[in-house]
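K.L.:
Based on the sequences and whatever the hints tell you, model everything.
Protein chains in written order, with this note's numbering: chain A, 1 to 77; chain B, 1 to 452.
Hints are computed from structural coordinates only; laboratory data are not their basis.
Be a bit skeptical, because a hint or two may be false.
Chain B regions said to be covered by chain A (calculated; three or more residues, Cβ under 8 Å) [claimed, not checked]:
no. : stretch
1   : 253 to 265
2   : 282 to 288
Output of the computed footprint for chain A on chain B, the stretches with three or more beta carbons under 8 Å from beta carbons of chain A [claimed, not checked]:
no. : stretch
3   : 228 to 237
4   : 299 to 308
Since we're looking at a predicted model, the values are computed, not measured.
Using N, Cα and C, we set each Cβ at its ideal position, and we do this for glycine too.
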Amino acid sequence: MVLVTVRLPSPATLTQAMRRLGLSDEEVDTGYGLVLIDPEQDLYALRVTQTAAGRIDPAAGGGHYADPRIEPYGPPG
Amino acid sequence: MRVLIQLRPAPDVVAAVADPGVTATTADVSDPLPGVVLDHSFIPVALPRPVPVAGGDPFSLRQSTTFSLAADQASVMVRGEISDDELSTRLTLLPCMRSDVVGVHADPVIESGLTCGGDASVGDWHDVERLLRVTELQAEGLDGSGVALAVVDTGINAAHIIRHTGRSLTLDAQRSWKPDGVTGRPGEFPVDHGTMCAFDTLIAAPRASLIDIPVLLSRRAGGSAMDGLLSDAIAAFAHLRTVLAAQPESSRSLIISNSWGSFSPRWDFPVGHPGNYSDNAAHPFNLIISSLEQAGADVLFAAGNCGRDCRDRRCAYPDRPISGANSHPRVLSIGGVDTAGERVGYSSQGPGRLTSRKPDVCAYTHFSGSGAFGDDSPDSGTSAACPVAAGLVAAIRTRWPASRLSPAQLRALLRRTADDRGDFGFDYDYGYGVVDVLGVLASLRRREMRVA
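P.N.:
Next comes the structure, spelled out in structure tokens:
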């Protein structure tokens, strides 16, 4: 899965984002949902499959982004 | 950076330096060098010139060689410092501008033993209390009362902290949050890294309201038992923005302590790809940090445990390990020092990837504290230094909400008042230095008087 951003008038729903990006339920992490990144820019993020991300029209979305693993820093080993 | 400068002054000066009966000074040997702060406490040293016995390359040591201290052959070494920001320019220009400069060489710190992972504790959390001047903070009413402090980690075990401190604890269960699929209740997660972090925030801010955000327990596809995905942190920060927005603007304060990061570029898109995280300020997580900071949150990140002296074995970045949000210009990146004030060997060094001047400041780590990893194991890593600093920020916020002191002003205050260590001014080991509470308090008093 990768992160995809989309601009939608707030408040937006996951259904609206999926419709805008042309995505099906199977291509989206619905448990994650739609997350507001920056209210001033009406910018949202959602998680989609790599294949679906490659299909999204760049004009509709704001691009796709890495979703790297994160780990606690300590104790150093 | 500390440097050694090799000079070839006039032969009579070289002769004086080489003469054990004469004490020549740096001022005798060199005029001021542009961009170099000469160390006048250093006694210049004469360096002999290698001379091949039977001709040949004078710089090759793979032949019979003698060494000459003759005044017309030897050179002289002095010591100084060049700002990290100007290093490459000065190294190039100095030999061109001054004909007596033969070379400029590194002068690395040689030490018998920086504290490393696996070493015994250096002091305990009461020493940290003393170093953070908690008595003086509390005398000024700065104890974290009413201040929201989010610990974004593996979850908090409140009972363990209460048992180890013998004090009560305020846990804000209502404003706590967990990723989809994580089971457990705020303050009741297994004792682990997050409990250590929470404990360490309370050293300077014992009355802060802890918000439990166990993103590193996420089991989202791609994760494992004790890690998460950056998308979980994005969702957590979106939640924290609603927490902040619900506060009255006049008393708004939220500190977010993050002792985690991404160890490997393997999980990321390559640098230069528009979706990359480590070097890309436009990544959604880096954007949401800017958005929260602008709304009044203080965001702190551990610098990481990839210091050159004894790096964590998980570190996979070949250089510049302070990456992504840990190097964000709007966060405080926290390096680690032990309670003796020495940088711990694993504390990641700058420059950072999103902004060069990282870490910002250092705070205390590697002390006997929470016992989260066993009674004999210290609270260690920049993982401990970050919440120690977050606690100090929470203490300050008790009377200085974001409306009185913006997050940017608070970062500037901590940098400006830090106890300078390492090289003169900012350096990539200590940043601006070790947090200095007395300096902070004095500055806040002056500010209060100006406002009054």
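K.L.:
With reference to the structure, classify each hint as holding or not holding.
P.N.:
Verification of the supplied hints:
1. Counting residues of the stretch 253 to 265 of chain B whose C-beta sits closer than 8 Å to any C-beta of chain A gives 6, which meets the bar of three, so the coverage hint holds.
2. Counting residues of the stretch 282 to 288 of chain B whose beta carbon lies closer than 8 Å to any beta carbon of chain A gives 4, which reaches the threshold of three, so the coverage claim holds.
3. Beta-carbon proximity to chain A at under 8 Å applies to 8 residues in the stretch 228 to 237 of chain B; the threshold of 3 is reached and the given coverage holds.
4. Closer than 8 Å: that is the beta-carbon criterion, and the stretch 299 to 308 of chain B has 3 residues meeting it against chain A, so the requirement of 3 holds.
Going through the hint list in order, the structure satisfies each hint without exception.
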